[in-house]
Amino acid sequence: MPLLIEQALNGVQLGFMLFLLAAGLTLIFGIMGVINLAQGSLYMIGAYATAAVAAKTGSFLLAAPAGLAAAALAGMSMEYLVVRRLYARDHLDQVLATFGLILFFNQLTTILFGRQPLFVEIPPFLNGSVPIVEGLRYPVYRLAIIAVGLATAIALYVLIARTRLGMLIRAGATNRDMVRALGVDIRLLYTVLFGVGAMLAGLAGVMAGPILSVQVGMGEQVLILTFVVVVIGGVGSIRGAFVGALVVGVVDTLLRAVLPGLLRQLMSSGSEADALASGLSAMGVYMLMAIVLLIRPKGLLPAHG
Amino acid sequence: MADPSNKPARPLLSSVRRRLLVALLLVGLVVLPYLASLAGQPALVSLATRIVILAIAAASLNLALGYGGLISFGHAAWYGVGAYVVGVLYRHFVTGDLLFGLPLGTDQLLITLPAAILVSGLFAAGFGALSLRTSGVQFIMITLAFAQMIFFFFVALKAYGGDDGLIVRRRNALPFVDTRDSATFYWVSLFFAVAWFAFMGRVVRSRFGKVLAGVRQSERRMAAIGVPTYRYKLAAFVISGMGAGLAGALMANHARFVSPDMLHWTQSGEFMIMVILGGAGTLLGPALGAAVLIGLETQLAAWTEHWQVILGPLLVLMILFTRGGLSGLLGLLRGGGR
Amino acid sequence: MSLKGSISAAALALFMASPAFAQAPVKIGMITTLSGPGGYLGQDVRDAFNLAVELEGGKLGGAPVQVIVEDDALKPGQGKEIAERFMKTEKIKLLTGIIFSNVAGAVVPDILDNDGVYVSPNAGPSNFAGKECHKNYFVVSWQNDTLHESAGQNARNLGYKKAFVLAPNYQAGKDAIAGFKRMFKGDVAGEIYTRLDQTDFAAEMAQIRAANPDVVFQFHPGGLGIAFMRQYAQAGLLEKTPMVVASPSLDSVILKAVGDAAAGVNVSSHWNSDFDNAANKKFVAEFQKKYNRLPTYYASQGYDTALSIAAALKATGGKVDDVAAFSKAMAKADFQSVRGNFKFGPNQHPVHDWFALKVEKGADGQLALVTKGKVLENHGDFYAKDCKL
Numbered sequence: 075m076p077l078l079i080e081q082a083l084n085g086v087q088l089g090f091m092l093f094l095l096a097a098g099l100t101l102i103f104g105i106m107g108v109i110n111l112a113q114g115s116l117y118m119i120g121a122y123a124t125a126a127v128a129a130k131t132g133s134f135l136l137a138a139p140a141g142l143a144a145a146a147l148a149g150m151s152m153e154y155l156v157v158r159r160l161y162a163r164d165h166l167d168q169v170l171a172t173f174g175l176i177l178f179f180n181q182l183t184t185i186l187f188g189r190q191p192l193f194v195e196i197p198p199f200l201n202g203s204v205p206i207v208e209g210l211r212y213p214v215y216r217l218a219i220i221a222v223g224l225a226t227a228i229a230l231y232v233l234i235a236r237t238r239l240g241m242l243i244r245a246g247a248t249n250r251d252m253v254r255a256l257g258v259d260i261r262l263l264y265t266v267l268f269g270v271g272a273m274l275a276g277l278a279g280v281m282a283g284p285i286l287s288v289q290v291g292m293g294e295q296v297l298i299l300t301f302v303v304v305v306i307g308g309v310g311s312i313r314g315a316f317v318g319a320l321v322v323g324v325v326d327t328l329l330r331a332v333l334p335g336l337l338r339q340l341m342s343s344g345s346e347a348d349a350l351a352s353g354l355s356a357m358g359v360y361m362l363m364a365i366v367l368l369i370r371p372k373g374l375l376p377a378h379g
Numbered sequence: 192m193a194d195p196s197n198k199p200a201r202p203l204l205s206s207v208r209r210r211l212l213v214a215l216l217l218v219g220l221v222v223l224p225y226l227a228s229l230a231g232q233p234a235l236v237s238l239a240t241r242i243v244i245l246a247i248a249a250a251s252l253n254l255a256l257g258y259g260g261l262i263s264f265g266h267a268a269w270y271g272v273g274a275y276v277v278g279v280l281y282r283h284f285v286t287g288d289l290l291f292g293l294p295l296g297t298d299q300l301l302i303t304l305p306a307a308i309l310v311s312g313l314f315a316a317g318f319g320a321l322s323l324r325t326s327g328v329q330f331i332m333i334t335l336a337f338a339q340m341i342f343f344f345f346v347a348l349k350a351y352g353g354d355d356g357l358i359v360r361r362r363n364a365l366p367f368v369d370t371r372d373s374a375t376f377y378w379v380s381l382f383f384a385v386a387w388f389a390f391m392g393r394v395v396r397s398r399f400g401k402v403l404a405g406v407r408q409s410e411r412r413m414a415a416i417g418v419p420t421y422r423y424k425l426a427a428f429v430i431s432g433m434g435a436g437l438a439g440a441l442m443a444n445h446a447r448f449v450s451p452d453m454l455h456w457t458q459s460g461e462f463m464i465m466v467i468l469g470g471a472g473t474l475l476g477p478a479l480g481a482a483v484l485i486g487l488e489t490q491l492a493a494w495t496e497h498w499q500v501i502l503g504p505l506l507v508l509m510i511l512f513t514r515g516g517l518s519g520l521l522g523l524l525r526g527g528g529r
Numbered sequence: 025m026s027l028k029g030s031i032s033a034a035a036l037a038l039f040m041a042s043p044a045f046a047q048a049p050v051k052i053g054m055i056t057t058l059s060g061p062g063g064y065l066g067q068d069v070r071d072a073f074n075l076a077v078e079l080e081g082g083k084l085g086g087a088p089v090q091v092i093v094e095d096d097a098l099k100p101g102q103g104k105e106i107a108e109r110f111m112k113t114e115k116i117k118l119l120t121g122i123i124f125s126n127v128a129g130a131v132v133p134d135i136l137d138n139d140g141v142y143v144s145p146n147a148g149p150s151n152f153a154g155k156e157c158h159k160n161y162f163v164v165s166w167q168n169d170t171l172h173e174s175a176g177q178n179a180r181n182l183g184y185k186k187a188f189v190l191a192p193n194y195q196a197g198k199d200a201i202a203g204f205k206r207m208f209k210g211d212v213a214g215e216i217y218t219r220l221d222q223t224d225f226a227a228e229m230a231q232i233r234a235a236n237p238d239v240v241f242q243f244h245p246g247g248l249g250i251a252f253m254r255q256y257a258q259a260g261l262l263e264k265t266p267m268v269v270a271s272p273s274l275d276s277v278i279l280k281a282v283g284d285a286a287a288g289v290n291v292s293s294h295w296n297s298d299f300d301n302a303a304n305k306k307f308v309a310e311f312q313k314k315y316n317r318l319p320t321y322y323a324s325q326g327y328d329t330a331l332s333i334a335a336a337l338k339a340t341g342g343k344v345d346d347v348a349a350f351s352k353a354m355a356k357a358d359f360q361s362v363r364g365n366f367k368f369g370p371n372q373h374p375v376h377d378w379f380a381l382k383v384e385k386g387a388d389g390q391l392a393l394v395t396k397g398k399v400l401e402n403h404g405d406f407y408a409k410d411c412k413l
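Chains as they are written, first to last, in my numbering: chain A, 75 to 379; chain B, 192 to 529; chain C, 25 to 413.
Any given hint could turn out to be false.
[To be verified] Under 10 Å between C-beta atoms, here's a sample of chain A residues computed to sit facing chain B: (1) F103; (2) V156; (3) R163; (4) Q168; (5) I176; (6) I185; (7) V309; (8) M357.
Calculated from the structure, these hints are not laboratory results.
Small disclaimer: the values here were computed from a predicted structure and weren't measured.
Positions of the beta carbon are idealized from the N, C-alpha and C atoms, including for glycine.
Let's have the full structure, built from the sequences with the hints guiding it.
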């Protein structure tokens with residue numbers, strides 16, 4: 075029983091991590107209509123900046139804001155130099171231009187930081203584990219990821235539904251020209267919003283640093299799964315990203331946890347069962363996506379209607 | 192591309208001049224191996240073979256993407272499947288093991304190529320039928336995800352080498368021709384490329400091509416006049432997959448090697464870049480795009496190990512500032528010079 | 025053609041200074057992986073190889089050499105293209121540098137079919153070690169399986185009876201588990217194939233804890249391993265269940281990125297920076313002086329590869345053109361390896377010793393790999409018996 079609870083908790087935790095990654099992508103798409111493949115690069119920038127500052131100062135509390143700032147800055151310069159010219163273009167140009175940016179950012183990171191992966195220490199106050207139920211201790215850091223994910227979700231909800239900026243965002247997404255006619259500097263608004271989206275990716279990078287490997291190409295490793303989350307949830311919808319992330323996180327974790335045992339009982343060769351289970355669980359989330367899209371082509375909670 | 196006026200060069204060139212140009216280009220391509228050996232650069236032949244093969248894949252993607260407006264981010268999957276057909280058939284030919292209980296292994300190019308085209312077409316039909324239920328961004332992402340799924344399938348496919356891939360020790364054989372000679376294989380590839388481009392030309396000029404272009408411009412309008420748009424899009428998608436299968440099968444022979452690496456999503460990205468670079472919705476654009484991209488990559492990689500830091504921004508600039516791709520740019524120059 | 029890769033500057037200078045007398049330099053083509061997450065492996069091989077050339081004043085075995093390096097970006101197709109250019113345009117006969125087995129699998133047959141010589145500084149896939157072995161193909165590093173065999177033997181020597189094994193679901197991962205089991209011979213409490221794109225291992229940690237094994241063997245190269253080990257420690261498993269790995273899962277670069285989460289892990293390797301022999305001391309000191317970082321075992325292999333080539337060039341008077349004579353000279357392995365004992369087996373793969381290392385805090389308080397003892401002596405590989413040269 076504790077094992078099942080632990081695995082469920084693992085799934086939820088993975089879901090929140092995926093939400094952090096997907097939120098920025100879907101926010102930028104929902105409002106500006108841009109697919110940003112380089113979202114993974116912003117995630118990498120957040121992680122690298124955190125690692126670099128943590129190595130210099132030894133303090134995670136200083137390093138985390140630095141990671142957010144770096145990602146936001148990189149995002150805003152990206153918007154200013156490149157993405158702004160892509161709003162009027164079709165998705166194809168957006169995909170390709172941001173693909174070019176991925177190549178650039180990866181190689182630039184190699185030049186600046188070298189090819190060796192970097193080290194980020196877990197902040198001491200988040201180290202260790204706490205008892206959840208009888209016979210189950212859970213790492214504090216993973217609980218922190220859940221907390222940060224939840225806080226981000228709430229903050230985004232408040233920002234969009236309750237603030238003046240949020241009102242402009244909603245208005246701008248519906249009718250860009252009207253908002254401009256009312257005297258709002260929509261170019262600046264978009265630059266800032268792109269920065270917010272980038273910062274969300276950076277936040278994911280900050281949180282991933284201490285448990286994953288901070289290295290060149292780490293962005294592409296998560297990019298595809300992030301896409302799956304966004305598509306399942308409904309492209310452009312934050313609520314959708316939230317639901318999609320949790321569904322993907324839980325399904326993925328449970329498949330990995332349950333499938334090997336199940337197949338071992340069905341098949342004679344243990345090794346082959348394990349390999350097959352791994353293959354099936356790898357395809358699991360993609361199949362989930364196919365099923366969702368067959369039933370609801372716009373995703374679970376589409377952004378507009 | 193949504194822009195219908197993406198063929199600026201066409202009306203300026205009389206059809207006679209165009210044919211002359213194409214004929215000249217063809218002659219140049221045919222004598223290329225001689226020129227390469229004269230110039231003391233025999234490795235150029237292999238590079239040219241690669242470009243010619245990739246041009247087939249790019250041209251087939253162009254049918255779906257440029258003419259049909261279907262932004263498929265999973266084209267490498269069909270390319271890789273085609274390559275694996277050659278690899279798997281060759282493996283069974285060498286070991287003599289049965290495939291699906293039948294002695295299907297072969298090393299005859301005239302069997303493996305159609306087989307690759309067929310299997311890739313079947314795969315494209317299956318996954319296309321599902322993917323085409325969506326459109327827009329969802330379509331981009333679902334094709335990407337399906338391709339990634341097929342990629343992981345081959346990575347885990349231990350029977351056929353998994354991640355390490357399959358070696359095709361000898362190129363597939365053709366009657367009367369020695370495919371092991373690199374110049375000969377270049378001509379073989381060139382023959383199939385020319386045939387494929389001619390076929391593409393016919394397709395886009397046919398009624399089917401015109402309807403497809405109509406669907407791209409306004410699917411609703413076409414549906415309103417009674418065109419079953421889904422079937423047209425699926426047909427375009429399947430033909431596009433078949434072309435990729437042909438390219439993959441040729442590449443497996445050229446490289447004498449197949450690996451999941453061919454199905455990686457960055458390969459799909461490169462195909463898209465070739466199409467856009469050369470000019471989406473133009474017949475010869477993808478070939479130009481393939482030549483430029485592969486040429487650039489090779490040159491930059493020989494020049495500096497940090498070549499991607501140059502290639503990336505270069506791509507961004509080309510996409511931002513050459514609308515309609517390089518052939519559009521060339522057309523503009525030519526138009527301006529008159 | 026434009027300036028290629030890193031031409032050994034010393035060789036170039038020498039060549040330019042006295043064109044009338046100097047022998048044309050022997051060109052060595054290095055196809056290696058420099059971009060992407062695996063880039064540091066290729067970088068270390070290249071840097072150490074160049075170091076050996078530089079220490080001899082732009083020569084190897086008395087013959088001036090020119091090393092031409094290109095990045096394969098871990099794409100087999102690109103590797104083949106580079107090899108073709110090296111052999112046909114540059115007329116290079118001697119090639120080296122490939123890091124990953126899938127690139128080697130694609131490129132090596134081309135080189136051998138063109139009557140070239142290939143000396144591997146890293147990848148040693150099984151398909152070229154047995155029946156398909158070749159007189160012009162040498163592996164200086166190891167045969168892939170032996171890495172994991174040494175880990176299995178290490179776990180057995182340490183007295184563990186019940187192991188839990190994990191590796192990614194691809195060829196190298198399956199080979200790793202097979203190699204481990206070949207030598208371990210105890211019970212396997214559980215076997216999990218992870219995914220190559222996996223970042224979160226929480227579900228696997230829970231399964232390990234539930235199985236309660238004596239020892240965990242895992243093979244996760246590069247970034248996967250970093251994530252795995254950190255999450256292993258965070259799940260509180262490191263104190264409870266010891267871990268045994270082969271060197272690719274924990275080289276000195278990964279150790280730095282993993283940090284305290286690697287403390288106490290058992291590693292088996294054919295080389296370590298603390299080896300007490302003169303050749304190694306010189307290598308480690310010079311490498312640190314030049315590049316200002318600790319060499320990884322990849323670097324040691326790059327250096328050994330250069331030394332083995334130097335020995336062969338010395339024997340042939342700096343000539344590679346007679347490939348048969350060069351290969352014969354290569355096979356003698358007449359050089360002092362930084363790992364100590366070294367000779368080629370019947371399939372021209374190494375026969376050498378494997379050592380048990382442990383991650384411990386050194387005198388300076390930093391974690392380091394410390395050599396504890398021998399695991400296997402004069403160990404060849406499983407496939408050598410199938411090779412008829």
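Against the structure, the hints come out as follows:
1. Below 10 Å, beta-carbon pairs count as interface contacts, and F103/A has one with chain B at about 7 Å; its hint therefore holds.
2. Taking 10 Å as the C-beta cut-off, the interface hint given for V156/A holds, the closest approach to chain B being about 6 Å.
3. For R163/A, the suggested interface contact is upheld, since its CB lies about 8 Å from the closest CB of chain B, less than 10 Å.
4. Satisfaction of the interface hint for Q168/A is found here, the shortest Cβ-Cβ separation to chain B being roughly 9 Å, below the 10 Å cut-off.
5. The interface hint given for I176/A is met, as the beta carbon of that residue sits about 7 Å from the closest beta carbon of chain B, less than 10 Å.
6. For I185/A, the interface hint holds, since its Cβ comes within 10 Å of a Cβ in chain B; the closest pair sits about 6 Å apart.
7. The closest approach between the C-beta of V309/A and any C-beta of chain B is roughly 5 Å, which is under the 10 Å cut-off, so the hint is satisfied.
8. Look at M357/A: its Cβ gets to within about 5 Å of chain B, closer than 10 Å, so that hint holds up.
Going down the numbered hints, you'll see the structure goes against none, and every one checks out.
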